[in-house]
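Visitor: Each chain, written out:
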Amino acid sequence: MSGNEIVTDVVVIGAGPVGLFSVFELGLLDLKCHVIDILDRPGGQCAELYPEKPIYDIPAFPVVTGQELTDNLLQQIAPFNAEFHYSRMVTSVTKQEDGTFRLTTDADEVFVAKVVVIAAGGGSFMPKRPPVEGIEAYENTSVFYAVRKMEDFRDQDVVIVGGGDSALDWTLNLQPIVRSLTLVHRRDAFKAAPASVNRMKELVMEGKINFLLGQVSRLEGADGQINHVHLATDAGDLSVPATRLLPFFGLTMKLGPVADWGLELNDNLITVDTEKFETSVPGVFAIGDINHYPGKLKLILSGFHEAALMAQAAKKIVSPDERVIFQYTTSSTKLQKKLGVV
Amino acid sequence: MKIHVTDQAGVEHELEGLEGWRVMEVIRDWGLNIKAECGGACSCATCHVYVDPDWFGKVGTRSDEEEDLLDTVGDVKATSRLSCQILMSEELDGLKVTLAASAAQ
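Quick mapping for you: the protein sequence lines, in order, are chains A and B. Numbers 1 to 342, taken from UniProt numbering, label the letters of the first sequence in order. Numbers 1 to 105, taken from UniProt numbering, label the letters of the second sequence in order.
If you're looking for bench data, these hints aren't it; they were derived computationally from the structure. Beta carbons: idealized from backbone N, C-alpha and C, even for Gly. There are no misleading hints in this set.
Straight-line distance between alpha carbons at most 27 Å, and here's what the computed DSS-like set of lysine-lysine pairs gives:
id: 1; chain 1: A; residue 1: Lys298; chain 2: B; residue 2: Lys35
id: 2; chain 1: B; residue 1: Lys35; chain 2: A; residue 2: Lys53
id: 3; chain 1: A; residue 1: Lys114; chain 2: A; residue 2: Lys276
id: 4; chain 1: A; residue 1: Lys254; chain 2: B; residue 2: Lys77
id: 5; chain 1: B; residue 1: Lys77; chain 2: A; residue 2: Lys191
id: 6; chain 1: A; residue 1: Lys254; chain 2: B; residue 2: Lys35
id: 7; chain 1: A; residue 1: Lys276; chain 2: A; residue 2: Lys32
id: 8; chain 1: B; residue 1: Lys77; chain 2: A; residue 2: Lys201
id: 9; chain 1: A; residue 1: Lys191; chain 2: B; residue 2: Lys35
id: 10; chain 1: A; residue 1: Lys296; chain 2: A; residue 2: Lys276
id: 11; chain 1: A; residue 1: Lys316; chain 2: A; residue 2: Lys32
id: 12; chain 1: A; residue 1: Lys334; chain 2: A; residue 2: Lys316
id: 13; chain 1: A; residue 1: Lys296; chain 2: B; residue 2: Lys35
A few chain A residues facing chain B, derived, Cβ under 10 Å:
id: 14; residue: Gln45
id: 15; residue: Leu49
id: 16; residue: Pro131
id: 17; residue: Arg186
Using the sequences provided together with the hints, build the complete structure.
Guide: See below:
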């Protein structure tokens with residue numbers, strides 16, 4: 001046992017709208033939460049996929065954007081002082097002999113909780129893998145979806161693919177240390193900061209980097225090491241010598257490690273009951289888009305309902321001997337005190 | 001009205017479409033391999049299809065937002081569209097599309 005364990009009542013996996021609202025429902029019942037999310041900020045899909053898009057089916061909000069919904073939820077749950085841990089993925093959940101759960105993250109943290117709430121939506125946001133045959137064999141040796149250590153790229157022949165800020169930023173940042181750098185994009189228009197695009201074009205003019213219009217069609221190499229990236233261009237197949245490839249195609253959701261936690265699954269969704277939204281492992285709950293039960297609708301409002309019922313069951317696990325009286329925030333002074341409004 | 005969808009394995013499916021449905025929704029409803037993770041908000045590009053050249057001119061044009069999203073698929077062709085941006089109508093009865101590899105779950 002390491003001395004750095006974080007001990008808490010509940011760990012909530014996922015800081016999307018449903019994960020955030022579960023903090024509210026759990027908080028009303030005095031349960032202390034730690035929330036973990038793979039993104040670097042709260043909001044889940046609402047923040048990553050459609051922060052500016054209007055949502056029309058949140059009760060009492062005729063229209064609200066994903067970002068506004070997230071901001072409102074953060075304001076609503078503020079009184080409960082949940083602790084947030086961003087940019088990390090929960091890698092394992094293990095039930096211990098005393099009935100508590102031990103969770104580990106890819107940031108080498110250990111959490112010990114009496115209850116685990118999985119509110120992971122469509123799974124973990126991970127880099128999109130371009131549809132290039134055999135690319136998996138080169139991943140993390142010569143194909144990378146992020147730059148963790150710049151030194152891995154020093155004196156290398158680097159091909160960067162994409163037209164967004166990540167592609168442009170890393171083109172500018174890596175150019176001084178690489179042997180050669182080729183930026184590949186399917187068109188001569190970018191969705192990136194104009195200053196970065198201008199700087200990139202200057203570097204092309206100065207002959208310091210190459211820019212090619214095209215898409216990656218094939219990789220050539222052996223034993224995890226690429227040596228050529230083939231591009232499909234208007235002029236046909238083009239082979240670019242390369243020792244590193246960095247595709248920046250944004251993020252997509254994958255179920256990820258959840259699949260290995262011993263929970264009963266139904267077509268990549270976690271099976272739960274509709275009384276407590278508990279999984280096949282007692283003490284582990286799944287709410288929101290990631291769960292499955294007869295009649296399930298993937299709506300944010302369904303997730304909110306699931307959070308409320310889950311919280312009642314979680315309370316019984318954390319405080320089995322405490323008698324819980326169901327109360328309304330409108331009339332209960334006790335609840336109002338928790339919310340800091342009296 | 002019908003649409004003809006060729007999946008990533010090359011198998012052609014004839015699907016019943018309904019007026020006003022998005023082509024993505026028809027494909028998803030029939031259980032073909034389409035991720036469509038943002039649910040039709042033109043935010044993710046995981047409902048990418050190639051429209052048959054004979055039909056490409058009839059399905060409207062890409063919006064700027066759709067064009068930007070096509071930067072994130074890696075297998076764009078001249079006839080690429082996001083199928084959540086094509087609405088079923090009488091004029092599209094018989095539409096032919098092919099699911100892109102980048103739309104797979």
